[in-house]
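*Asks:* Here are the chains, one letter per residue:
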Amino acid sequence: MITLLNYTLAFAAILMLVALGGCVSEHSGVINLGLEGIMVIGALGGALVMKLMPTVGGFGLFFLVLLAAVFFGMIYSTLLAFACINLKADQTIVGTALNMLGTALATVFVKSMNLKESAGNNTSSVIKYENKKAFFTNIGNFELNWFMIVALVMLIVVFVLLYKTKFGLRLRACGEHPQAAASVGISVFKMRWAGVLLSGLLGGLGGITYITTGVSEWKFEEGVFGFGFLSLAVMIFGAWDPIRIGGAAILFGFFRAIGRVYPGIAFLRNLNIPPAVYNMLPYIVCLIVLAFTSKKSRAPKAEGIPYDKGMR
Amino acid sequence: MNKKRSLLERDGVLTIITSVLCVILGLLVGFLAVLIINPQGAFGAITGVVENFFAYSSSRLRIYNFGSTLAKTAPLIMCSLSVLFAYKVGLFNIGAAGQYALGAGAAIYSAYCLQLPWYVCLLLGILVGGISGALGGILKAFCNVNVVISGIMLNWISLYGVNVLLKPAMDPSGKDTFRLLKKAKDSVLPNIGLDKLFENNKYVGLAIPLAIVMAVIIWIILDKTKLGYELKATGNNPNAAKYCGMKENRNIIMTMFVAGALASMGGAMFYLTDVEQWNVNASAVPGMGFNGIAAAFLGGLNPIGCIFSSYFITHITVGGLNVDLKIYSAQVSDFITAVIIYFCGFVLFFKSVIIGNVKRRTERKVKALAEAEAKKGGTKA
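Just so you know, the protein sequences line up as chains A and W, in that order.
Mapped onto our numbering, the consecutive letters of the first sequence carry residue numbers 1 to 312.
Mapped onto our numbering, the consecutive letters of the second sequence carry residue numbers 1 to 381.
These are calculated hints, taken from the structure and not from any lab test.
Heads up, some of the hints might be wrong.
Computed beta-carbon distance windows for the label pairs [to be verified]:
| no. | chain 1 | residue 1 | chain 2 | residue 2 | range |
| --- | --- | --- | --- | --- | --- |
| 1 | A | K309 | W | I220 | 39 to 47 Å |
| 2 | A | L152 | W | L32 | 34 to 42 Å |
| 3 | A | F167 | W | A282 | 39 to 47 Å |
| 4 | A | L144 | W | I355 | 56 to 64 Å |
| 5 | A | F167 | W | I355 | 35 to 43 Å |
| 6 | W | M246 | A | N270 | 50 to 58 Å |
| 7 | W | A368 | A | F82 | 47 to 55 Å |
| 8 | A | G247 | W | N239 | 15 to 23 Å |
| 9 | W | I304 | A | K166 | 49 to 57 Å |
| 10 | W | N239 | A | K309 | 21 to 29 Å |
| 11 | W | A284 | A | G247 | 52 to 60 Å |
| 12 | A | M113 | W | A284 | 16 to 24 Å |
| 13 | W | V216 | A | L152 | 33 to 41 Å |
| 14 | W | M246 | A | N272 | 33 to 41 Å |
Here are the simulated lysine-lysine pairs, DSS-like style, with alpha carbons at most 25 Å apart [as the list claims (entries may be wrong)]:
| no. | chain 1 | residue 1 | chain 2 | residue 2 |
| --- | --- | --- | --- | --- |
| 15 | W | K351 | A | K88 |
| 16 | A | K116 | W | K326 |
| 17 | A | K309 | A | K190 |
| 18 | W | K367 | W | K351 |
| 19 | W | K375 | W | K365 |
| 20 | A | K88 | W | K232 |
| 21 | W | K359 | A | K309 |
| 22 | A | K295 | W | K365 |
| 23 | A | K51 | W | K326 |
| 24 | W | K175 | A | K219 |
| 25 | W | K185 | W | K175 |
| 26 | A | K296 | W | K247 |
| 27 | W | K351 | W | K232 |
Yeah, the Cβ is synthetic: ideal placement off N, Cα and C, and Gly gets one too.
Pulled out of the complex, with its shape left as it was, chain W reads as follows (with noise of 0.2 Å):
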C-alpha cells in the first residue's frame, strides 16, 4: 500500500498532540484543585499562573520578564537533555537535581574563591557532575545497583557536600553566596550583547544560546551518528547489543557521564549568569532536576521538543509567583507540573488511543469502500 499516511499517524504530530493534552489536562486539574481549596480568586490563580510576564502592564517591563524567564529556562533545557540522554539509553537519570547542585557549587566556588575566568568556571563544573554522573553509570555497570536509587542517594550527598563547600563563599548578612557580580566579574558569563534586547536585562547573555546548541548536538549525536545508534541500541535490548558486539558496560558509563555533564552544565551555567545565589542551607534538593525530568518528557523526549517545554514550564514556574500569596501559595505551579508529568506517564496510552481512532476510522471507510464495489460488481453480473 502506498496510501499516504494520514496527519494524526505520523509520530511527530502525535508527540505535539499528546504533549499539549497533557498541558490542557494538567492545568485544568490544578485549577479544580484551587478551586477546590478556595473557590475565591480560583480563575485569577490560574490565569496568573499561565500569564508570567504577560500581566505586567508597561511593554518594557514585560520584555525585561520575558528575558528573566528566558535566562531561567536555559538551565532547565540542560536538566531535561540530561534526563532525556539517559532515557534514551534506558536509563532514568533521577540524579540530574545532585549533578545541578554538583555543578553549581564547583562553579561558584571557583568563580569566588578561586578568581578564575568564566569558561574554566563552566567546564570545572560541567567535570564535576560528569564525573559524578559515571560514578552512578559505574555502580550500574559493575554492581548492577539500580540507577534510580544510586541516583538519589548521590543527590542527598552532593548537596551537603556543595553546602559544606560554599562556606566560605557564604556572603554573612544572608543565607546565600556573594553575588559573583559584584565579587568576581570576570567569572560571570558575557552578555554578548543579547542583554540590549531585553531592555538591558543583565541576567540575559551566553547562557541561552548556550543552552540551545547543545540542544541541537546531543540530537545529532542521538540521530545522525553510529555513536548515537549504538547507545539507543544497548538502551532499547541490552542483549542484543552486546551480541553485536557492543560494549554494553562502556556506553553505560559513557552515557552517565554525559548525562551528569549536562545537567551540572546547566547548573553552572545558571549560578554563573547570577541570577540567583546558593543558599548554603539549602536542606531540599534544588527542584531544577526534577523539572528536567517533566520537560524531558513533555518535550516528546526529543532534544528540540524539550527546549519548548522546558520553557513552558518555567514560564509557568515563575507565572506561579502571580498567584495572590494571601490566598494561595506559589508553590500551584509545582502541583501543576507534578500533574503534567503525571499525564506524561500516559503518553503511550494516549498515542495508542489516536491511533486506534484513526485506524479504525479508515478501516472503517474501507469497508464502505470495498462493500460500495461489491454492489457496483453486483449489477454488473
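The shape of chain A in the complex, shown without the other chains (with noise of 0.2 Å):
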C-alpha cells in the first residue's frame, strides 16, 4: 500500500507541475500544446547536470538540476511563443512540431553524445539509477521525493500568482478579453510572453522531475509518454484553477500508479487483467472524465486565437 501512495504521489507530481504550466499559458490565452516537447527537453538539461557533475551531491547537486530544467524549458519555450505570439502561427501546429523536435533533438544530441565517448555506445540514454537517490529521502518505508514538495511549494505560487497579485489578473485579463486589456494600457505581447515563458519553466521542471521518478532508466527516444497530453487532460478536468488541479493530478496519478504496482496488490493480481489494460487505464479515466466534465468549459475565452491589434 505504501508504494501505492508512493507511486502516486510522484505521478501526482509531474501532471501538477506540468498542468499548472499548461493552465499559466492558456491563462494567457496560448494554448501549450508543446509541454511534452517541453518536458523533454528540461529533462535534458537536468540530466546533463547530473552527468556532468557527478562530483556534486546532495543539495547543491539538487539546485544546480532544478535550475537547468528549468533553464532549458524557458529557452525551449520561446520557440512556441516567438511563433505564436509575435508571428501569430497556428498553435496547433507549433505545438505539435515541439512535441516531435523535442524528442528528436535530445535523442540526436544524447546519441552522438554517447557515441562519441565509446564507439558503438547507441543509447539514448544519460543518466543512471544510482545518481537519482540523491533526491530522495526515505521517511519510514515512504520515499519521499524532493520533487513532490517542489510541485506543492508550486501550486501554491501559481495559485497566488494568478488570484493574488496584480500581474495575475493582467495575465487572466489577456486570455479572455486581449483587447480590453490592451485598452487599458496592458502590453497583451509581453503579458502572453510571461505567460508561455512560465509554462516553459513548469514544464521543464515536470520533465526532471518525471525521468527521476518512477522509471529506473529513461532513453530520451521514447519522450514522456504523452504525459504532457495526459497535463493537459488534468488541466481541462482540474478547470483551469490551480487547487482543482492539485486534486485532479492526484487522482490521475492514482490510476497511473496502479498500472505500476498492481502485481504486488494481492487483489488485483487475481483478477488476471492482462498488463496492457492497466496501462491503459489512465488514458481510458482520462477519456471518460474528460466526456463528463467538458460540456461545460471554463477555458480562456480567448485562448488559442492569436492576438489581432484591429479585432475589437
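Starting from two chains that each stand alone, build the complex the way the hints lay out.
*Replies:* If you want it as C-alpha cells, here you go:
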C-alpha cells in the first residue's frame, strides 16, 4: 500500500507541475500543446547536469539540476512564444512540431554524445539509477522525492500569482479579452510571453521530475509517454484552477500508479487482467472523465486566438 | 481593375514557394544542428539524408530502393490525407497515429489469425480506424471534448490494444509479427505487375496507385461536391453553417470517421505489403501519424500536394539511414522533419510577407506612373 501511495504522489507531482504550466499559459491566451517537448528538453538539461557534475552531491546538485531544467524549459518555450505570439502561427501546429522536435533533438544530441564517449554505445539514456538516489529521503517505508515538495510549492506559488497579484489579474485579462486588456494599457504581447515562459519553467520542472521518478532507466527516444497531454487533461478536469488541478493530478496519478504496482497487490493480481489494460487505464479514465466534464468548459475565452490589435 | 495578377499573387504558386522555403530552412537548421554536435562529417550526413537511394552506385540498386521508398510513401500519403481532411473541417486529427496502428492491427490479425483474403483485411482495417475516429468525433460533438486531447488518449489506448491483439501473431524467434509473405500469402496486397518495373521489388504493388487514387478522390470530394462545401463551411464558421441548416454534429462525426478510415487504411496497406512487421512490444505510438501532420502542412493542405510532400518526407526519413551511424543517429531526419513542421506554422506569415512585398512594389509602380502622368499633364497645361 505504501508503494501505491509513493507512486501516486510521484506521478501526481509530475502531472501537477506540467498542468500548472499549461494553466498559466492558457490563462494568458496561448494553448501550449508543446508541453511534452518542453518536458523532454527540460529533462535533458537536468540530466546533463547530473552527468557532467558527478562530484557535486546532495542539495547543491538538486539545486543545479532544478536550475538547468528550468533554464532549458524556458529557452525551448521561446520557440512557441515567438511563433505563436509574434508571428501569429497556428498554435496547434507549432505545439505539435515542438513535441516532435523535442524528442528528436534530445535523441540526436544524446546519442551522438554517447557515441563520442565510447564507440558503439548507441543508447539514448544519460543517467543511471544511482545518481537519482540523491533526491530521495526515506521516511520509514515512504520514499520522499524532493520534487514532490517542489510541486507543492509551485502549486501555492501559481495560485497566489494568478489570483492574488496584479500580474495575475493582468495575465488572466489577456486570456479572456485581450483587446479590453490592451485598452487599459496592458501589453498583451508581454503578458503572453510571460505566460508561455512560465509554462516552459513548469514544464521543464515536470520533465526532470519525470525522469527521476518512476522509471528505472529512461531513454530520450521514448519521450514522456503522453504525460504532457495527460497533464493538459488534468488541467481541463481541474477547470483551469490551480487548487482543483492539484486534486485532479492526484486522481490521475493514482490510476497511473495502479498500472505500476498492481503485481504487488494480491486482489488485483488475482483478477488476471493483461498488463496492457493497466497501461491503458489512465488514458481510458481520462477520456471518460473528459466526456463528463468538458460540456461546461471554463476555458479562458480568448485562448488559441492570436492577438490582433485591430479586432475589437 | 482587370489587371493581370502577378505570378506571385496566385495562391498555388505562393503555396509551393512557401513549402520549398520550409524545406530549405529545415535542411539548413538540420545541417547547423549536426555541425554543432559534430563538425566532422556533418556535410556528408546531410547529403546522405537528401540523396537517399541516389547514394547507391549501381543503377539496379537505385531503382530497387526507389521502389522501397515509394512503398513507404503510400501509407504516409494516407495519413497526410487524414490530417488534411479533418483540418479542412476545423479539426486537428492528431489521432492519426493511433488510427494507423488500429488499421495495421486489424489487418495483420485478420491476415494471419483468420487467413482472410487481402481485400477483406484491408476493409476491416479501414473500418476499425474509422470507428475510432468517429468515437473522437462523437466525444467532440456531444461532450465537447477537445479532439487533440481525445486523439492522444486514443493513440495510447490503440497502441496497447493492438499489442494485445497481435500477441498470437508474434514470431517467437523475434519480437515482431510473422512475415505475411510466408504465413498468409493470400492476404498480401497484389503487385499488379508494378514489381517488374522496380527490379522485382516485391514490396511495390497496389498500395501506391491506391494511395494516389485516394488523394484524387479526396480532392474531388473537398473541392467539387456539395458535401465538401458543407464540411468546409462547418470548419470555417460553425455558427454560420448551423444557421444555414447544416448539421454541425453530423458533419463533425462523419469527418472524423473519414479521417480515421484514411489513416487506418494507410496502416492496413503498409503492413499488408509486408515491408515491415509490427513490433508487439512497441512502447511508442507509430511516428507515421505524426509525419502525416508534417506532410499535410508541407503539401499546402492540398491533396495533390500531399503526394509530393509525403514522398519528400519519406525520402529523407529513409535517407536518414545513410548517415554515419558511428557519429550520428538515424533520428537526424526526424529532427529535420520536425523543424520543417515548425516552419510550416509560419506559412501564413511567409505568405503575408511575400504578398506585402508584391503589393508594395506594384503600388510604387502605380505611384511612379501617376507621377509621370501628372508631369506630362503639367507640361500640356
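*Asks:* Work down the list of hints and note, for each, if the structure agrees.
*Replies:* We went through each hint and held it up to the structure:
no.: 1; hint: A/K309 x W/I220: 39 to 47 Å; verdict: holds (40 Å)
no.: 2; hint: A/L152 x W/L32: 34 to 42 Å; verdict: holds (41 Å)
no.: 3; hint: A/F167 x W/A282: 39 to 47 Å; verdict: holds (45 Å)
no.: 4; hint: A/L144 x W/I355: 56 to 64 Å; verdict: holds (59 Å)
no.: 5; hint: A/F167 x W/I355: 35 to 43 Å; verdict: holds (38 Å)
no.: 6; hint: W/M246 x A/N270: 50 to 58 Å; verdict: holds (53 Å)
no.: 7; hint: W/A368 x A/F82: 47 to 55 Å; verdict: violated (37 Å)
no.: 8; hint: A/G247 x W/N239: 15 to 23 Å; verdict: violated (35 Å)
no.: 9; hint: W/I304 x A/K166: 49 to 57 Å; verdict: holds (53 Å)
no.: 10; hint: W/N239 x A/K309: 21 to 29 Å; verdict: holds (24 Å)
no.: 11; hint: W/A284 x A/G247: 52 to 60 Å; verdict: violated (30 Å)
no.: 12; hint: A/M113 x W/A284: 16 to 24 Å; verdict: holds (21 Å)
no.: 13; hint: W/V216 x A/L152: 33 to 41 Å; verdict: violated (57 Å)
no.: 14; hint: W/M246 x A/N272: 33 to 41 Å; verdict: violated (49 Å)
no.: 15; hint: W/K351 x A/K88; verdict: holds (12 Å)
no.: 16; hint: A/K116 x W/K326; verdict: holds (8 Å)
no.: 17; hint: A/K309 x A/K190; verdict: holds (14 Å)
no.: 18; hint: W/K367 x W/K351; verdict: holds (24 Å)
no.: 19; hint: W/K375 x W/K365; verdict: holds (15 Å)
no.: 20; hint: A/K88 x W/K232; verdict: holds (22 Å)
no.: 21; hint: W/K359 x A/K309; verdict: holds (22 Å)
no.: 22; hint: A/K295 x W/K365; verdict: violated (55 Å)
no.: 23; hint: A/K51 x W/K326; verdict: holds (22 Å)
no.: 24; hint: W/K175 x A/K219; verdict: holds (19 Å)
no.: 25; hint: W/K185 x W/K175; verdict: holds (21 Å)
no.: 26; hint: A/K296 x W/K247; verdict: holds (21 Å)
no.: 27; hint: W/K351 x W/K232; verdict: holds (21 Å)
Against the hints set out earlier in the document, violations occur for numbers 7, 8, 11, 13, 14, 22.
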